[in-house]
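Protein chains in written order, with the numbering used here: chain A, 1 to 164; chain B, 1001 to 1173.
Do not take every clue at face value.
[What the hints assert, rightly or not] Computed cross-link-like contacts, DSS-like style, restricted to lysine-lysine with a CA-CA straight-line distance of at most 25 Å:
#1 B:1081 with A:75
#2 B:1063 with A:63
#3 A:107 with A:90
#4 A:107 with B:1084
#5 A:83 with A:158
#6 B:1130 with A:62
#7 A:35 with B:1049
#8 A:141 with B:1063
#9 A:82 with A:62
#10 B:1112 with B:1156
#11 A:61 with B:1067
#12 B:1067 with A:117
#13 B:1084 with A:117
#14 B:1156 with B:1109
#15 B:1098 with A:95
#16 A:35 with B:1046
#17 B:1084 with A:75
#18 B:1098 with A:141
#19 A:94 with B:1109
#20 B:1168 with B:1156
#21 A:75 with A:35
#22 A:129 with A:91
#23 A:129 with A:63
#24 B:1063 with B:1094
By construction, these hints were calculated from the structure, which means they are not laboratory data.
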Amino acid sequence: MSNKIFQILIFLIFFSIVLIFFLIFFIIPRVKEYKANRIILNKYERFYQKEQFNLEMLKKKKKLTYQKYQDEILKYDRKFDKKDFLIILKKYLKKVFIKKIANNRYKINGELDDISKFYLLIDEINRYKNIIKVDFPVIYKQNRASITISFIIYIINKDIKKRS
Amino acid sequence: MKTKYSFITPRKKFYIDNFTIFATIFIVIVSIILFFSGLYLDNINKSFKNKLIDYKHKIVALKFNEKEINSQISQYIDIVKQKKRAIQVNQSLKNGLKNFFTLIPDQIKINKIYMTKYQVKIYGYTNNPKTYKLLLEPPLKSIFDKTKVGFTKVSKDKYLFSSYNEIKGIHNE
């Protein structure tokens, strides 16, 4: 009988050694690693979700900004059509001459009966399908029958960025 | 004939008894279970690490997208600013010219105006320098920081003038 108890005791000791060995060197380090990874992963998950939300908000903001300024953006994206602009110029100026002097820069010469037509031309330029800035020098010459005017226009569109 | 000392046949005896066999099997099974649990945890940890790398890549991509969208939004706003600025410049040029022509009295006839961002050169005729000094010079002086004028007599009551006007202090703008 005592032999049996001794046998059970030996078994229990041996079993405990095996169990402790596995737990200390095999299971516990992995569980610790699992816990640490879980914490980091949760942190990243939350951060990712936050960033995703931010991105969605930004997309909405971009859409709204585009809708709000669509007219300006389309004007900016549109290529400058010299022939089309010449039609506008001819409505106000006579003997019009348009010459490209640099990238996006054109020199315009023309004649007009009355300086008020130049003011009307500037208003039309402000409404034109491209963003155009009337630039200096502006040269005004009074002739006997007419006025000669010369000025520079600067086209503000996406081609400016392509060059830089 | 072999001599028998017992009436029963002896049962077969094992070197290792049943308890030891069961105990060993039990320990081996428990060890296997623990070993595979460890491997399973290892796999989970590996998949966590892969997920972590995946998240890192996704976050980098999101940040890149955010940067792109932000730059597009600021580009849109910049376009609007540029358009406003262009209209403002055009409008101020128009108003400047309009105002300038209202300054010119009937006694003075303008031949040519050369206008740059900070300078205006005016060429014309006046019946006498005093008329210019009385009627045109004061408003020009109120607008520009520097005003110079030169006269050339053309005939008895006709003087050719060339006026140079400049706005100082904003050249380096």
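A quick look at each hint next to the structure:
1. A threshold of 25 Å between alpha carbons decides the hint, and for residue 1081 of chain B with residue 75 of chain A the separation of about 13 Å falls inside it, so the pair holds.
2. Distance hint between residue 1063 of chain B and residue 63 of chain A is fulfilled; the C-alpha atoms sit about 18 Å from each other, no more than 25 Å.
3. At most 25 Å may separate the alpha-carbon atoms for a hinted pair to count; residue 107 of chain A and residue 90 of chain A meet this at roughly 15 Å.
4. Between the alpha carbons of residue 107 of chain A and residue 1084 of chain B the distance comes to roughly 22 Å, so the proposed pair stays at or under 25 Å and holds.
5. Among the hinted pairs, residue 83 of chain A with residue 158 of chain A is consistent with the structure: their alpha-carbon atoms are about 19 Å apart, no more than 25 Å.
6. For the given pair, residue 1130 of chain B sits about 62 Å from residue 62 of chain A by alpha-carbon distance, which is inconsistent with the 25 Å threshold.
7. Pair hint residue 35 of chain A plus residue 1049 of chain B holds up; C-alpha atoms about 12 Å apart against a cutoff of 25 Å.
8. Pair hint residue 141 of chain A plus residue 1063 of chain B does not hold up; C-alpha atoms about 57 Å apart against a cutoff of 25 Å.
9. Simply put, residue 82 of chain A and residue 62 of chain A have alpha-carbon atoms about 32 Å apart, too far for the 25 Å limit, and the pair is violated.
10. With a C-alpha separation of about 22 Å, the suggested pairing of residue 1112 of chain B with residue 1156 of chain B holds against the 25 Å cut-off.
11. Annotation: proposed proximity of residue 61 of chain A to residue 1067 of chain B holds, straight-line Cα distance about 13 Å (limit 25 Å).
12. Note on residue 1067 of chain B and residue 117 of chain A: the hinted pairing is violated, with a Cα-Cα distance of about 46 Å set against a maximum of 25 Å.
13. With a CA separation close to 23 Å, the supplied pair residue 1084 of chain B and residue 117 of chain A stays within the 25 Å bound.
14. The hinted pair formed by residue 1156 of chain B and residue 1109 of chain B meets the criterion: a straight-line CA distance of about 16 Å does not exceed 25 Å.
15. Between residue 1098 of chain B and residue 95 of chain A the CA atoms are separated by roughly 23 Å; this keeps the pair inside 25 Å, and the hint holds.
16. Note on residue 35 of chain A and residue 1046 of chain B: the hinted pairing holds, with a Cα-Cα distance of about 13 Å set against a maximum of 25 Å.
17. A hinted pair counts as satisfied when its Cα atoms are at most 25 Å apart, and residue 1084 of chain B with residue 75 of chain A qualifies at roughly 13 Å.
18. Note on residue 1098 of chain B and residue 141 of chain A: the hinted pairing holds, with a Cα-Cα distance of about 15 Å set against a maximum of 25 Å.
19. Proposed proximity of residue 94 of chain A and residue 1109 of chain B is supported: the alpha carbons are some 23 Å apart, at most 25 Å.
20. Simply put, residue 1168 of chain B and residue 1156 of chain B have alpha-carbon atoms about 36 Å apart, too far for the 25 Å limit, and the pair is violated.
21. The suggested pairing of residue 75 of chain A with residue 35 of chain A is violated, with an alpha-carbon distance near 57 Å, which exceeds 25 Å.
22. For the hint pairing residue 129 of chain A with residue 91 of chain A, the CA-to-CA distance comes to about 16 Å; that is within 25 Å, so the pair holds.
23. Among the hinted pairs, residue 129 of chain A with residue 63 of chain A is consistent with the structure: their alpha-carbon atoms are about 22 Å apart, no more than 25 Å.
24. A distance of roughly 46 Å separates the Cα atoms of residue 1063 of chain B and residue 1094 of chain B; the hinted pair therefore is violated under the 25 Å criterion.
When held up to the earlier numbered hints, the structure conflicts with 6, 8, 9, 12, 20, 21 and 24 and fits the remainder.
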